[in-house]
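Protein chains in written order, with my numbering: chain A, 1 to 134; chain B, 1 to 497.
Calculated from the structure, these hints are not laboratory results.
No experiment lies behind these values; they were computed from the predicted model shown.
Heads up, the beta-carbon is just placed ideally off N, CA and C, and yes, glycines get one too.
Hints should not be assumed to be uniformly reliable.
Beta-carbon label-pair distances, calculated as ranges [stated by the list, open to error]:
{"no.": "1", "chain 1": "B", "residue 1": "A177", "chain 2": "A", "residue 2": "A52", "range": "21 to 27 Å"}
{"no.": "2", "chain 1": "A", "residue 1": "E134", "chain 2": "B", "residue 2": "R318", "range": "54 to 60 Å"}
{"no.": "3", "chain 1": "B", "residue 1": "Y83", "chain 2": "A", "residue 2": "N101", "range": "28 to 34 Å"}
{"no.": "4", "chain 1": "B", "residue 1": "P11", "chain 2": "A", "residue 2": "A86", "range": "49 to 55 Å"}
Among the chain B residues that face chain A by a calculated CB cut under 8 Å, a handful are [as the list claims (entries may be wrong)]:
{"no.": "5", "residue": "Y3"}
{"no.": "6", "residue": "P424"}
{"no.": "7", "residue": "E478"}
{"no.": "8", "residue": "V479"}
{"no.": "9", "residue": "S482"}
{"no.": "10", "residue": "R483"}
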Amino acid sequence: MPEGLYYTREHEWVKLEGNLARVGVTDYAQDKLGDVVYVELSEVGKQVKQLAESKAKEMELGAVESIKAVSTVHSPLSGAVKETNATLQERPELINTSPYNEGWICLIEPRALEAELKNLMDAKAYAEYLKGLE
Amino acid sequence: MNYQQARWAEPLIFELSKLGRAWPPPSEKLLKSVNIPKKLLRRRLELPEVSEPQVVRHYTRLSQMNWGVDSGFYPLGSCTMKYNPKICEELAGLETVACIHPHQSEDTVQGALELMYKLEKYLAEIAGVSRVTLHPSAGAHGEFLGMHIIRAYHRFKEEGQRTEVIVPDSAHGTNFASAAMAGFNVVVVPSDVRGRVDLDALKNAVSDRTAALMLTNPNTLGLFEDQILEITDIFHSAGGILYHDGANLNGIMGKTRPGDMGFDIVHYNLHKTFSTPHGGGGPGSGPIGVTRELERFLPVPVVEYDQKHNRYYLDYDRPDSIGKINGFYGNFGVLVKAYAYILLMGADGLTEAAETATLNANYIMRKLLGVKGYELKFDSERPCKHEVAFSAEPLKRETGVTVRDIAKRLLDYGVHAPTYYFPPIVPEVLMIEPTETEPKEELDHFVDALKAIVEEARSRPEKLRTAPHATAIGRLDEVKASREPVLSWRMHRRLKG
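Full structure from sequences and hints, please.
Set out below in structure tokens:
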């Protein structure tokens, strides 16, 4: 479990890089999904909202499709999508082989970072959360 | 384990083709008689030219390398792969059935219309609804039609703001897709610890935006939604419509009726419950039945009976109808098979089918409970319905062997794998639906195979990870199949260069 990242209950991770936030899905998520065959990326410029109790379209950052299931990627933060990982179109398997690095999904410019970080977990809390799911 | 599937190095029939080998070639007379306009005639037809014995051998060999309900046990949960009586095939193949044309005049197809009219009546009686349409050509087509009727109803009541369809997280994937395709917003409600719809979450999700609830009962875990009367009450008082996904009708047929539970629209899969072959991509048939209030919205045409003139006819004069959803009227061949099946079984026979299907599923459930490696996540105390969803998560945790490995290995024991990885709310799930047509020996063999596989997972897991071994083709590369599908022989030929 990489330290220094923030995590959601829906198994997305966030890494702060200057005034941007890099987003991907966790190792746990890719393991549950199995072999990823397709990644649907959101449009650059899309305004997204932080994932809340009731999910809605404006919280969606795209979708990850495996041979088992299709899973929506929810936005861990509110803001604008600045860049998406185009490599995933050709090599969706990066989500499986390198979920925290090469398999990143997009870069977001957060709108309310300070306030929203409180809704996310750190590595320790996420590890505890995963234990509860077993 | 004595199973060994045939292995033929069988080429494509196109690769067997040699010019001039087809016999007899189409005669000049025949070619003239079909009278195709010159501009539509093609100079070269890419049809394989092979002799009759070549054709017979080719397809016999392919069938020997395949698995179907005619070759053995096929407990594919939520698909109801019951045995299809051959007499139904025979009847649907009669020249008078197979060769009629939808453009024939009504006077020449009175028998066909009568069959459809009566089949509608039987289905309405089975599900407790007022009227049935046989139009939909598949289960999802029925769902899509249901969604359109729901929209038409709310617009008719001037409640166009009802744009949300509520779907439980255990539902079939088509439910979410059909609602979304029909333009509704999908609201997902979770299951509770008993594997039923979470009633509190459901109450919270309902509002004046609610258009409908799509529910499968028994649900995809094989559990009966025992709070169904309360659920239908909540929806009806909120002004919503209740849609019943009939994929699991085989578990309750003749015992209870969705209409009596309070459902307004009830869907049937004739290709599951009413025993017509499926699994190869069709043709399917997914009729829906509706309450009296919703009848006016049914698609056209509707089969009617004119008592005075003792004549059946197609009625297009229905001003509130949502319109046409099919080129003509349903998949007629499938309707004939379902009609024959219902007559063959009779009311008692259909009830007995549901009872035996349920008994068989419970037999497997009891036999597997306590086998280390498998567990039931929900409600193991009470009987299930016609299917049971075991989790193989304990085995994965212990040995690393996944439910996919188990499924593939089952083929080596001469058993088709149950549905796995669905429903997604159960990790490492095996959804087992034995159906009513299987004898005890077959069920015992299946349970023994699942037990043997647990032992193998501990003693020689590699054998499982590389399974199947006794089939014509071994472990497939599912990732490659998803990413680079080869869907026609032309694509295949291009790839081969």
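Proposed interface contact between V479(B) and chain A, which counts if any beta carbon pair is under 8 Å: It holds, given that the least Cβ distance between V479(B) and chain A is near 5 Å, below 8 Å.
28 to 34 Å as the expected CB spacing between N101(A) and Y83(B), which holds or is violated: violated, 52 Å
Have a go at the E478(B) hint: is there a Cβ in chain A nearer than 8 Å to its own Cβ? Because about 5 Å separates E478(B) from the closest Cβ in chain A, which is inside the 8 Å limit, the hint holds.
Would you check whether Y3(B) satisfies its interface hint, that is, whether its CB is within less than 8 Å of any CB in chain A? This interface hint is violated because 25 Å lies over the 8 Å limit.
Please verify that hint: R483(B), Cβ, nearest Cβ of chain A, below 8 Å or not. holds, 5 Å
Is 54 to 60 Å a correct range for the gap between the Cβ atoms of E134(A) and R318(B)? Holds - the Cβ-Cβ distance for E134(A) and R318(B), about 56 Å, lies within 54 to 60 Å.
Would the stated hint for P424(B) survive a check requiring a Cβ distance to chain A of less than 8 Å? holds, 5 Å
Given a hinted range of 49 to 55 Å, is it respected by the beta-carbon distance of P11(B) and A86(A)? The hint (49 to 55 Å, Cβ to Cβ) is violated, given that P11(B) and A86(A) are roughly 40 Å apart.
Taking 21 to 27 Å as the stated bounds, is the beta-carbon spacing between A177(B) and A52(A) within them? 24 Å Cβ-Cβ, so the 21 to 27 Å window holds.
Supplied contact hint for S482(B), tested at 8 Å Cβ to chain A: holds, 4 Å
In this structure, the earlier hints numbered 3, 4, 5 are contradicted, and the remaining ones agree with it.
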